Amino acid sequence: MDGQPNPSRLRWLCRRGMLELDAWLARFLDVRYSQLPADQQTAFARLLDQDDMALFDWFTGEQEPPAEFRVVVDEIRTTRYPR
Amino acid sequence: MIPKRTFDAVIIGGGGAGLRAALQLSQANLKVALLSKVFPTRSHTVSAQGGITAALANVSEDNWHWHMYDTVKGSDYLGDQDAIEFMCRNALPAVYELEHMGLPFSRLDNGKIYQRPFGGQSKNYGGEQAIRTCAAADRTGHALLHTLYQRNIAARTQFFDEFFALDLVRDEEGYVLGVVALEIETGEPCLFESRATLLATGGACRIFRHSTNAHINTGDGLGMVLRAGLPLEDMEFWQFHPTGIPEVGSLISEGVRGEGGYLVNKDGEKFMKRYAPNALDLASRDVVARSIAQEIRAGRGCGEHGDYVHLKIEHLGAEKIKARLPGIRELSMQFAGADPITDPIPVTPTAHYMMGGIPSNMHGQVVAPVRTGPEEAVPGLYAVGECACVSVHGANRLGGNSLLDLVVFGRAAGQHMIEYLRENPFPRTLPEEQVDKALARLARWEKSKGSETVAGLRVEMQKIMQDHCGVYRTEALLKEGLELLDKVEARLPDAALSDQSKMFNTARLEALELENLTGHRPGYPGFRPGPHGKPRRPYPGRPSQAGRRPVAAPYPVFQGKRHPGLQAGAAEAADGGDLPAEGEDLLMMNPDRIVSIRVPPFVKPPSGDEGGQGGFFHAPVWQLLSNPPQPPFTKGGRTVRVQS
Chain A
1 MDGQPNPSRL RWLCRRGMLE LDAWLARFLD VRYSQLPADQ QTAFARLLDQ DDMALFDWFT
61 GEQEPPAEFR VVVDEIRTTR YPR
Chain B
1 MIPKRTFDAV IIGGGGAGLR AALQLSQANL KVALLSKVFP TRSHTVSAQG GITAALANVS
61 EDNWHWHMYD TVKGSDYLGD QDAIEFMCRN ALPAVYELEH MGLPFSRLDN GKIYQRPFGG
121 QSKNYGGEQA IRTCAAADRT GHALLHTLYQ RNIAARTQFF DEFFALDLVR DEEGYVLGVV
181 ALEIETGEPC LFESRATLLA TGGACRIFRH STNAHINTGD GLGMVLRAGL PLEDMEFWQF
241 HPTGIPEVGS LISEGVRGEG GYLVNKDGEK FMKRYAPNAL DLASRDVVAR SIAQEIRAGR
301 GCGEHGDYVH LKIEHLGAEK IKARLPGIRE LSMQFAGADP ITDPIPVTPT AHYMMGGIPS
361 NMHGQVVAPV RTGPEEAVPG LYAVGECACV SVHGANRLGG NSLLDLVVFG RAAGQHMIEY
421 LRENPFPRTL PEEQVDKALA RLARWEKSKG SETVAGLRVE MQKIMQDHCG VYRTEALLKE
481 GLELLDKVEA RLPDAALSDQ SKMFNTARLE ALELENLTGH RPGYPGFRPG PHGKPRRPYP
541 GRPSQAGRRP VAAPYPVFQG KRHPGLQAGA AEAADGGDLP AEGEDLLMMN PDRIVSIRVP
601 PFVKPPSGDE GGQGGFFHAP VWQLLSNPPQ PPFTKGGRTV RVQS
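These protein sequence lines map, in sequence, to chains A and B. The first sequence begins at 1 in the working numbering and counts up by one. The second sequence begins at 1 in the working numbering and counts up by one.
Just so you know, the hints here were simulated from the structure itself, not pulled from any lab data. All of these numbers come straight from a predicted model, not from anything done at the bench. Glycine residues also receive a C-beta, built at the ideal position from the N, C-alpha and C atoms. A portion of the hints provided could be inaccurate.
As the list claims (entries may be wrong) - Incomplete in silico selection of chain A near chain B, CB under 7 Å:
hint : residue
1    : 12
2    : 15
3    : 17
4    : 48
5    : 49
Unchecked claim - Distance condition first, Cα-Cα at most 25 Å in a straight line; then the derived SDA-like pairs of lysine to any residue:
hint : chain 1 : residue 1 : chain 2 : residue 2
6    : B       : 463       : A       : 83
7    : B       : 31        : B       : 427
8    : B       : 31        : B       : 418
9    : B       : 437       : B       : 193
10   : B       : 312       : B       : 327
11   : B       : 502       : A       : 61
12   : B       : 266       : B       : 253
13   : B       : 322       : A       : 74
14   : B       : 502       : A       : 29
15   : B       : 270       : B       : 467
16   : B       : 322       : A       : 75
17   : B       : 463       : A       : 36
18   : B       : 273       : B       : 456
19   : B       : 322       : A       : 57
20   : B       : 320       : A       : 61
21   : B       : 502       : A       : 74
22   : B       : 322       : A       : 15
23   : B       : 31        : B       : 119
As the list claims (entries may be wrong) - Some chain B residues flagged as far from chain A (calculated, every beta-carbon gap over 12 Å):
hint : residue
24   : 164
25   : 486
26   : 499
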């Protein structure tokens, strides 16, 4: 995916095969995504092209993500809905 | 007229079932389209981590008869035993076939496929634990999806990713001639014409507030089938996991209680001692789920709304938790905001699997009382996977049997479709008005105005389903739930879309998904009970009155052995007039089976109900054990050969 992705398209790409991924990605998109710099937004769009199991391992901390996704994965792991 | 594409067969759904069926057809050089609302390898099949059950006997002595016995017993004797036999026998070739396709199974030292033990598996008809589930590490579903996807690419299946199927096109004679779909990217509808259509759209557990299912599991195929005027079957059978994180639904496995975790209510009481004095927190799934549900109903739940209980493991100590339960700790911190080293994990019974669905036979053909017979095939329509009810899972699915269901019946359906296409070589005339109907439904949302929101209505519906049709059910509760659901559905026409654009309009998709979800909830006018009940194969000791396959019912209806009236007369059961009065009889839906307890509410299960046999007291287990079926089985006068 090149350039700035359509936000609606991003939301649909956050629909995954695993519930936890849905929860992580939707939460991030709702709360944090719009505040990020453009390069991290692009990294997020690229992250969505990755495989479900890879995402799961990265988000649970089971495995270290590749350098290009490190910042955005960290954001996803630490984002919470405001109380 | 909208753009039209023509194929021999159209598959709706890109999970394991859809991919397996598509592969069969593509390999036969048929022109196959596979529609999927998300990219196929992001289907929910990915979440099936445990494995696929087949009696390969690589680790322990085994026999598909034993697998069949376990599945029949696990289904609470409500599964279709012919279909179960078909599945368990074909499990062996199905798994070897996957191996040959390149599925990277884990291996034993001798090079054979690795197998692991799962709950509900026995040797020798209820004997010691069998080791039967074939696994590719802890990502069997993922490996299966990728293997099948790649094979489909090689076989030139045409993929239509991010296409949302709207409605089936069915002509006056009942033939299904294709599907109207929405291209998500452009927002434009298009028509897929085909002589055979297969639904592999997955389950609908998102109908509940707490669900372990991904957000895509909105039962789209079920909505389409109902709108096409066909019934659903066994929709009262939902499998619940006792411990999921509330709202999010993320599953907290039994392993936590196995390590010494225990449940407490809001008063800090270890309530399991009241329900299962011996097994305590290690009681079987159904007992634990029921106990939690009862605590919550009695007002002893934790939190602002009192809708969950606490699972405590602090006493294990930080070191042990970090070493033994790192994944659980991570999920709890991520989604419950609780670090189990210091805080309890909130848990509640969570919808996990839908046993009911589109009534189909073991060839994947959708069957319904279309003309004169009780189970006639709907020409040109097939269903496979969680959306289908071949009834191999009866009232409860065993772990490892869902992936098996996908590949065995996916293959069988593909095979039958090849035959069907050969016998029906010519296209029939498409009824334009059917296409227009689907388009009108779409247009309605485009012009929608009103004060209601889709998300708001969905949350309300999910809450009603959870509270009224969840683990704990009584007649009064169900009736109340239905009335509330009717009210929610009546407000649906007042729901407006927040976004009226065309391209990638997720708001519109969510509205269409909500329509599919509300469509198949109990009580929908389209939810007509078919009088189809087919006699299941008798086995030694089987009570004669229990000779019927469960049927579609207007709302969740008890189908257990203690109600011979309901068992014997499918039609009466469907009328729903035979439900026992409240107080006299407590109806409960539980993860493992349906239980009827004949005493007032809030009782502890009868003695002996807290181990592995939880809640099973009404089923004729002892009869089977004292008189186990011995191979070779006879079936309709002919002997079924045992595969050696």
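Can you confirm whether the C-alpha distance between residue 266 (chain B) and residue 253 (chain B) stays at or below 25 Å? holds, 22 Å
Are residue 502 (chain B) and residue 29 (chain A) close enough, with their CA atoms no more than 25 Å apart? holds, 21 Å
Please verify whether residue 270 (chain B) and residue 467 (chain B) have alpha carbons no more than 25 Å apart. holds, 23 Å
Holds or violated: residue 502 (chain B) and residue 61 (chain A), Cα atoms, limit 25 Å. violated, 38 Å
Tell me if the interface restraint on residue 17 (chain A) is satisfied: Cβ within less than 7 Å of some Cβ in chain B. This hint holds: residue 17 (chain A) lies near chain B, its Cβ roughly 4 Å from the closest one there, short of 7 Å.
Holds or violated: residue 12 (chain A) as interface residue toward chain B, Cβ cutoff 7 Å? holds, 5 Å
Is the shortest C-beta separation between residue 15 (chain A) and chain B less than 7 Å? holds, 5 Å
Given the hint that residue 273 (chain B) pairs with residue 456 (chain B), does the C-alpha gap stay at or below 25 Å? violated, 39 Å
Satisfaction of hint between residue 74 (chain A) and residue 322 (chain B), Cα-Cα up to 25 Å: Judged against 25 Å, a Cα distance of about 20 Å means the pair holds.
Is the hinted pair residue 322 (chain B) and residue 15 (chain A) satisfied, with a Cα-Cα distance of at most 25 Å? violated, 30 Å
Pair hint outcome, residue 463 (chain B) versus residue 83 (chain A) [Cα-Cα no greater than 25 Å]: holds, 21 Å
Within a Cα-Cα threshold of 25 Å, do residue 31 (chain B) and residue 119 (chain B) meet the stated pairing? Distance ~41 Å between residue 31 (chain B) and residue 119 (chain B) Cα, so the pair is violated.
Violated hints for the displayed structure, listed by number in ascending order: 4, 5, 11, 17, 18, 21, 22, 23, 24 and 26.
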